[in-house]
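Residue numbers (numbering that gives the first Met the number 0), protein chains in the order written: chain W, 0 to 392; chain V, 0 to 392.
Heads up, none of these hints are tricks.
Copies of one chain are not kept apart here, so a pair can be met inside one copy or by any two copies together.
Lysine-lysine pairs mimicking DSS-like chemistry, simulated, CA-CA at most 27 Å apart:
#, residue 1, residue 2
1, K59, K77
2, K315, K292
3, K191, K173
4, K77, K191
5, K145, K19
6, K190, K77
7, K77, K17
8, K190, K173
9, K77, K241
10, K343, K19
11, K292, K343
12, K77, K315
13, K343, K17
14, K292, K173
15, K173, K334
16, K334, K17
17, K145, K334
Note that these hints are calculated values from the structure, not bench results.
Protein chains: 2
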Amino acid sequence: MSYVIPFEAGEYVARLRKVKERMEGAGIDLLLCTDPANINYLTGLDALSFYVPQVLLVHKDEDAPFWLGRLMDTSALKITTRLPAENLLPYPETMLHQQHVHPFQALCEHIQSRGWGNQTIGVEMDVDYYTARCHQTILAGLPNAKIVDNRRLVNWVRLAKSPAELRYMREAGKLTTVAMHEAIDNLLAGKKSYEVAADILRTSVMGIDGLYGDSPAAFPFVMVGENAHACHLYWTDREMPKNEMVVLELAGVRKRYHSPLARTVLLGRPSEEQRRLADVIIEGVDRALEAAKPGATCGEVENIWQNVLRRNNLSKESRVGYPVGIAYPPDWGEKTANLQDGDKTVLEAGMCFHFQSGLWLERQGIALSETFAVTESGGERLAHVPHRLYSRN
Amino acid sequence: MSYVIPFEAGEYVARLRKVKERMEGAGIDLLLCTDPANINYLTGLDALSFYVPQVLLVHKDEDAPFWLGRLMDTSALKITTRLPAENLLPYPETMLHQQHVHPFQALCEHIQSRGWGNQTIGVEMDVDYYTARCHQTILAGLPNAKIVDNRRLVNWVRLAKSPAELRYMREAGKLTTVAMHEAIDNLLAGKKSYEVAADILRTSVMGIDGLYGDSPAAFPFVMVGENAHACHLYWTDREMPKNEMVVLELAGVRKRYHSPLARTVLLGRPSEEQRRLADVIIEGVDRALEAAKPGATCGEVENIWQNVLRRNNLSKESRVGYPVGIAYPPDWGEKTANLQDGDKTVLEAGMCFHFQSGLWLERQGIALSETFAVTESGGERLAHVPHRLYSRN
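Isolated chain W (complex conformation) (with noise of 0.2 Å):
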């Protein structure tokens, strides 16, 4: 059995399309994307080759997108890609981690030699693995072209989900479901930090069912007492202390669709205010989830949730939700529309969010998060873990 690649050519082609509407609405005659998670959704590609420079070229005339990368991972183009051989650009090797040559100067003598060097590109300002040096070596090789911002124009078409989409998030939700399970119990049962996480990571790579997982783009947090509070913290061979919360925070990952989940395990007996700080959440969560329907906004979305909160005296400062889907490191959120107030994106059917219904307080951290997606009965939950605040009791 040879390399799959996950979807069939048209889902690809759909995506395209998609794609070059909106270069179409914003003026663009060719997009740059230098986002992983991009150039996977718009080809397949699936390796490590962004910690070098490349990039897809997206022409508003051209049928497919050109890759142009390192020489030596063209073989995973054309592996885990349907990109035509010819549209296959490598660079030589000698041009890498040089002071005095960059890769991108061969992006843009090929944009100078198809006649595109006039025309109106868009770059990804804003994202990882696009560097200052990337677009000043832009800037330089490509005077006559007029370079904007594309405002993350992928990242908006990647935010409802297709139904082949779905099945990925719903998989990548079983393998969230059987690795946060695990990983509460070996909490209850004395397990530190490292211990866990190292569990993590086997049984959401092992997977359920005939599943296997995907790497994730950031690894799983368990976040112990103090550190807790600390959100973005890794594991350690710290003592689990006593009558302290733990927050785990995992992601299952199916053909690099992400499903992240949040629980909280209270290592002894919950005192009455947490809870009443549990219940106020789950309460905010199941408010808000039965209004993410097609037609309400991100914002009200998020109002409701914190209506819930303001009632018990309760406030979340950040956003409570981000998108989801596919991922490459460091982290698994879409960059897009956001769970906040005052945000006037309209939900759509398929459309994914990690909904981060954690509290961070003085002493404290608590989260109870889910993962969903917009159906026309509300939020559709991709993991099953009962939604409360795991205890010794």
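Model the placement of chain V on the given structure of chain W, informed by the hints.
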């Protein structure tokens, strides 16, 4: 037991002094670091705080660096670094992922308010996480500053490891050793690539001898058959083909220090040709490591390897090695000196390189690498996995 910062305060002071010496040499008043490995090196910061804009400010006249980052991540700084609280400069949540405002505007305001707005500022032009928009924001916000590329100034300071750092490099090598042995056994026992990867992940975090492992900057590679030729693909559930080569590449990680290693397992009996290829690689590594002493240049070490290949009518186009140490996603290379023809960097004791002695031929790949530290008696191997081609006979 609370969080333990991995080095004494004096170690960080010494690092900062070396960086300031180089700044003076380069005429840089203020250095801006966005590479999370550089920030870790100078402060100890160890958190996933780099998926949103953050920057470390090293000013020639200031005792301690300043950190500017997301409000939510300030706690991670308080836990994992010794930076004075007044040197932590959080920007508000509302600046994140906005089209009209960027967190680096807060950076520019801080620089202006300190009176540094007309000084020479060295930025990391070609570092992931220093996006085109970061740079654009700085150019607009600091019109009177002289903005220059710092040319990976901190990376160059990191090249030669201190005795305290070498301890972690050797510990990382121990984790590599145990994970690689298990992976080889798993392959010979018939496990699929995702199963092999799942065990590597778990074992390299569980560690050995009371040493747990950190998360690697890149996930392990288990590259099979034709895919072994595409050297940056991820694992799958593909059936393992008979008589094919499988290339394993993974890194044990201690306190963020990486010791990568590659080994090749043949799922059958080796042909004469394959044996010969392995022998050439092994001889090339042996000869090169004997010569990897202080005073030799990177290019000379590469030439010794290349001469062994050439004598056997082989060659490797890309560099044969790169420096390793602290790393965060997406990869574990330090991106300074290369073991490459013509590289005039002079080796010093304590420099560590991944000697990636792999050959990717027309139909198959074979890699038998070593990570070594430069010592007076040559390259000291940091992992201890017999340096040979593994096979089923």
